[in-house]
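Asker: This is what each chain is made of:
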Amino acid sequence: MNDVLVGRNLTKRFGQTVALDGVDLAVRTAEAVAIMGPSGSGKSTLLHCLAGIMRPDEGEVHLLGQRIDAMGERRRSALRRTRFGFVFQFGQLLPELPAEENVALPLMLGGVSRQRAVRQAREWFAPLGLRGMEARRPGELSGGQAQRVAIARALVARPAVVFADEPTGALDQRTGQDTMRLLVEATRHNDASLIVVTHDSNVAAWCDRTVEVRDGHLVAMSGATA
Amino acid sequence: MNLDLTWRLLKGGGRKGLLGVWLTLGAVAVSTALLLFAVAANLAFDARAERGAWRNPVPAAGDAVAVEASRFDYVRDQVITVVDLAALRPDAAPPPGLPRFPKPGETWLSPALAELARDLPPAELGDRYPRRAGVLGDEALVYPGELVAVVGHAPDAPAMTAERSDDWIVAKPPVRVASLAGTPSEDAEAYKVLAVIASVLMVVPLLVFGGAAARLTVARRDRRLAALRLVGATPGQVVRMTVAEAVLVALAGALAGAVAFALAVPYLTRIEIQGGAWFAGDLFPGLAVLAGVLVAVPLLVGLSAVAGLRRVVVSPLGVAKRETPPGMRFVRVLALLVVLAVFPMLTQGTSVAIVAVALGLAFLCLNLAGPWVVGLIGRITAGTARGPARLLAGRRLVDDPRSAWRTVSGVALTGFVAGFLGLLSPGAFAVDDRPLQLRVLAPAGQAEQVAGQARERLAAAKVPAVVTVVKRTVVAAPSGPLDTAGMDRARTALAELVPGRTATTEADEGRFGEQILLDVRVGTIVVLSVSFLVAIASAGITAASSVLDRRQTYGLLRLAGTPLEVLDRARRAETLIPLGVMGGGAILVGAFCATPFMIGGISVAGVVTLVVCVVLGFAGVIGAGALSRPLLRSVTADPAPRPD
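So the protein sequences, as listed, match chains A and B. Using the UniProt record's numbering, the letters of the first sequence map in sequence onto residues 1 to 226. Using the UniProt record's numbering, the letters of the second sequence map in sequence onto residues 1 to 644.
Hints are computed from structural coordinates only; laboratory data are not their basis. Please read these numbers as outputs of a predicted model, since none were measured by experiment. Certain hints may be false.
Unchecked claim - Some but not every residue of chain A turned toward chain B, in silico, with C-beta under 8 Å:
1. R75
2. F86
3. Q92
4. E96
5. M108
6. M133
7. D215
8. L218
9. A220
Unchecked claim - FRET-style restraints, in silico, Cβ to Cβ:
10. B:G383 to A:G132: 19 to 25 Å
11. A:T11 to B:V259: 48 to 54 Å
12. A:S142 to B:T234: 24 to 30 Å
13. A:S142 to B:G584: 52 to 58 Å
14. B:V295 to A:S142: 36 to 42 Å
15. B:V357 to A:R119: 53 to 59 Å
Glycine included, C-beta positions come from ideal geometry on N, C-alpha and C.
Produce the entire structure from the sequences given, and follow the hints as far as they go.
Answerer: Written out as structure tokens, the structure is:
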């Protein structure tokens, strides 16, 4: 399988603090990678650099061979919209939109008509165990249901890579496990790669590979390596 | 302990939390300053009415001490109020502003008139008021710079016994009075009524704005306070903490507003009404009122905060978990319809208090119906949206119509004011094509004799004029063009030609009506300016607070690649769609409420004011909303947004 996303020699500083120090990471197509590490180790910074949210001070990020860290904010923003999907710990759903419109939103932002976007969005509900929840608003969903809606939204535009930042952080263990299973299965089913930032080894266990970040360095890897 | 925790919450809100506090503080400051202005305006008109009361004599029921009469004279196109006084008893108390009762033949001039008499040639003014004994104090004047002359007479002097016009707009005939206290004149009372109406129109949007500001504090805190409820804080503790925080911020805002008002007073005194500017003292509301406002505003803000917190207190999950908001009841619109149905029954004969209450009710009902209509607009917008921006805007309107209404309510309510005053403003000013002739009514059977004297006096003053007699009226028409100096020479020449009467032009006689029209116009502009200020401040503050409230969602949407333009467009649509519908609706309601009070047809000036109002309102709200765009950019630039 080919590398879909490659980060080389990624370095990021915040004032005197070195958050990332020459990190190399490559992710293959449909591969699930967990990034672990204690708080403040630099794992979220690594995710932000790889996702084009943040520009590294040094190093390069390539998506399918195209360098993205040198792009302007507008192009990186468009890239995030079309090629990446995101699942956060909480708060990513718009509270005033029903679940189906939350899922349809990335498609509408990409220019798909509302009718078609909602139709496509609805297709994600049954596979993720959300049948009947289409018209519910986020406030009327449980934490696990809301995360599954977020997974549907992250995948609806068929991204190349899904980034998940502590996706089960606000869920109980059983719901967290269910959510991770659905996240891994759904991304794999769509040939998308998955990068999960977590400090929970149970979450990381769902991934093909785990990398550990400590003080801005990749210090350990487990599972299949690049 | 609660206060300590409240203070920690207030301080610990972070940079953006503090920005929210500043926004609330600013909103309360603006509200307080404008509230003080609305209150001070009423007190100022009261003060004017009281100061001018001595010129409006009350007939003595028993023994009289003096005889008082008044009339109007003119110089350089300005009105001079002439008060003729005669003492009936040596111990008669002088009127305000005079150290002693004027002796027969003496004249006392107001400072501005005295200055004018010094500056102009005697033949133009000074000769009308010979034997000047002194200058009137400010207590005698309705406004600084007013032209007033007090002329002393003997009780049997022709000026105090001759027949005068009984039209109070032109003159007041001699009246035997027990004192010179007098009573506020009819026109002063009319101005007080207009001031009350203007205050109602200004205060209601202010209260709405103040309430919005209070809820702004709660909106920022509700999640945190709901969390406190979840960990076991009692409803009482939550309420006390909220009230403490809101009152603390409001008190600071109220103090800032009072200072801002005090600083603005010198500028506000320049607004000319009734022909003149104001004494600064008139616009200072007094310590008691000031203290009252400084207590009332934080209290009202506290109460509003409690009302906003009801959901948190009732159910801690109500805010912590967002649910479908309950639909608003149609009764809100029904209330407005009932008030509108009753409004046409009000006629000009109805008491002012009832009109003011009805106007206030219509205003409040419009404010009640607003969120319901916004919700309806939201459902229609969301239902018909094709793109993400309109969909977001529509759903947001449905989700929280009250918040959306707060953003546009200022301009919508201003639309009501504009609609009301637009029709109420009586017509444009007539083009002045009246003949420049001085006319004076002669005593019965003496018209020819008076005309002869007029010819002699005018010739002596070197004013070429043709003097004719029409029935009892002696008419002096200048033979050629006459400038204002020439006109004043003619007026001076004809002074005291007929005791107790002044030679006047047609324009002079229409001056009172024109002044009222001018004042209604100025009042309209003042009310609209205040409403605008409130509306635009309200739009700016609510737009900024909306960004702050939703910063986490906006931030995550931006991270996921949503263009800033889409978020901004959604925000704009969220404001402009209800603004267009509600602003237009409010103007129509305002115009409808004004119809029972319309004088003549629709006023062109009023319609122009209305159009300017709508354009400025929209531009102001768009501008105020645009000001929060950098804030939106700033909050969405945060790469790792976290909830509070």
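Asker: Could one say that the CB atoms of S142 (chain A) and G584 (chain B) fall in the range 52 to 58 Å?
Answerer: Given range 52 to 58 Å: violated, Cβ gap about 43 Å.
Asker: For the hint on Q92 (chain A), does the least C-beta distance to chain B fall short of 8 Å?
Answerer: 5 Å, holds
Asker: Is the distance from the Cβ of V357 (chain B) to the Cβ of R119 (chain A) consistent with 53 to 59 Å?
Answerer: Holds, at about 55 Å.
Asker: Hold the hint about D215 (chain A) up to the distance rule: shortest CB distance to chain B must be less than 8 Å.
Answerer: 19 Å, violated
Asker: Hint says 36 to 42 Å; check whether the CB-CB distance for V295 (chain B) and S142 (chain A) agrees.
Answerer: Once the Cβ atoms are compared, 47 Å apart, the range 36 to 42 Å for S142 (chain A) and V295 (chain B) is violated.
Asker: Hold the hint about R75 (chain A) up to the distance rule: shortest CB distance to chain B must be less than 8 Å.
Answerer: 11 Å, violated
Asker: Please check whether L218 (chain A) passes as an interface residue: C-beta within 8 Å of a C-beta belonging to chain B.
Answerer: 20 Å, violated
Asker: Next item in the hint list is M133 (chain A). Is there a CB on chain B closer than 8 Å to its CB?
Answerer: Interface hint status for M133 (chain A): violated (13 Å vs cutoff 8 Å).
Asker: Does the interface hint hold: is A220 (chain A) within less than 8 Å of chain B, judged Cβ to Cβ?
Answerer: 24 Å, violated
Asker: Would you say the C-beta atoms of G383 (chain B) and G132 (chain A) sit inside 19 to 25 Å of each other?
Answerer: 22 Å, holds
Asker: Given a cut of 8 Å on the nearest C-beta pair, is the interface hint for E96 (chain A) held or broken against chain B?
Answerer: E96 (chain A) check passes; min Cβ-Cβ to chain B is 3 Å, inside 8 Å.
Asker: Given a cut of 8 Å on the nearest C-beta pair, is the interface hint for M108 (chain A) held or broken against chain B?
Answerer: 4 Å, holds
When each numbered hint is compared with the structure, violations occur for hints 1, 6, 7, 8, 9, 13 and 14.
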